[in-house]
Amino acid sequence: MMMSVFFAYFALMSIVAAALTVSLRHPVHCGLALLALLLHVSGLFVLLNAEFLWAVQVIVYAGAILVLYLFVLMLLNLKTDERYFHSSYPYIIGPAALGSLYVLYLLLQSPFEGAKGDAPASAILEGGDTYAVGIKMFSDHILQFEIVGIFLLGAIIGAIVLAKTPKAMEDAGGKR
Amino acid sequence: MVPLSAYVAVSAILFMTGLLGVLIRRNFIIVLMSVEIMMNAANINLVAFSHYLESMSGQLVALFNIAIAAGEAAVGLAIIVVVFRGKISTNVDEMNLLKW
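Quick mapping for you: the protein sequence lines, in order, are chains W and C.
No gaps in the numbering here: position 47 of the first sequence is 47 in my numbering, and each next residue is one more.
No gaps in the numbering here: position 5 of the second sequence is 5 in my numbering, and each next residue is one more.
Each hint should be verified, as a subset may be incorrect.
[Stated by the list, open to error] Residues from chain W that face chain C, not an exhaustive set, calculated with beta carbons under 10 Å:
1. A50
2. D118
3. T165
[Unchecked claim] No more than 27 Å apart at the CA atoms, straight line, and that leaves these computed lysine-lysine pairs for DSSO-like:
4. W/K164 <-> C/K87
5. W/K116 <-> W/K136
6. W/K164 <-> C/K99
7. C/K99 <-> C/K87
[As the list claims (entries may be wrong)] Covered stretches of chain C (chain W as the covering partner; in silico rule of three or more C-beta atoms under 8 Å from a C-beta of chain W):
8. 25-32
9. 78-87
Treat the hints as calculated values from the structure; they're not laboratory data.
If you're wondering where the values come from, they're calculated on a predicted model, not measured in any experiment.
Using N, Cα and C, we set each Cβ at its ideal position, and we do this for glycine too.
Only chain W is shown next, with the shape it has when bound in the complex:
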């Protein structure tokens, strides 16, 4: 019973926050609505026995990514557009609503049965979710872990190269 109440709260609030993120006019308000969405999604992770992902969601998403977005918003000092939706959005909303209703109809009919894995909730709760994630990551998924490391290094270098002031190119006579 308690689980259903918490699930209803987190689900409804995350959907409302997502709708606000898409529809609010001012970009900073959209960023704050995105913060509400991320925190409520992390609440859903707690309901699913994924405490480690809850911590990662709060630290990485709400702590790092969102601050990056707000930094760029403040740095650019955008003026708010009068028309902040695309001009043809009435033609998109109708098909999108119909498509999502159809997908929901299909989803609520599906049985979702499948082969069970080797990590039931009781086994995870025994040593904690962080322990289970760590054991799994550094045994079966070590290659993906290394690939993500290389990927993040590439992303850092790419971001620095892109955002650097292009002074050397102007000295060489290149056009921007």
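Got chain W; can you put chain C on it based on the hints?
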């Protein structure tokens, strides 16, 4: 007990909301935020299936997904800064330098 289909329904609604935001917003930063909404919907799906099918791999893929979202945000915002420096606009309709 909350059924699995409830989590999947929430994830589908969030994904469609994010997709709608990508399609109809004109501000590039809001478009990137909508991509983050879609990634969060995928994460809810992964973690829910991981819980209900009793496998740990779903949570790990969600973890890698968060790392990829961080990289995508960093590179996307760097691109916004570069474009804004040249054109003083973040409107996606006016970014057509590479249009053929």
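Each hint tested on the structure:
no., hint, result
1, A50, "holds, 5 Å"
2, D118, "holds, 7 Å"
3, T165, "holds, 8 Å"
4, W/K164 <-> C/K87, "holds, 16 Å"
5, W/K116 <-> W/K136, "holds, 16 Å"
6, W/K164 <-> C/K99, "holds, 24 Å"
7, C/K99 <-> C/K87, "holds, 16 Å"
8, 25-32, "holds (count 6)"
9, 78-87, "holds (count 7)"
Of the numbered hints listed earlier, not one is contradicted by the structure.
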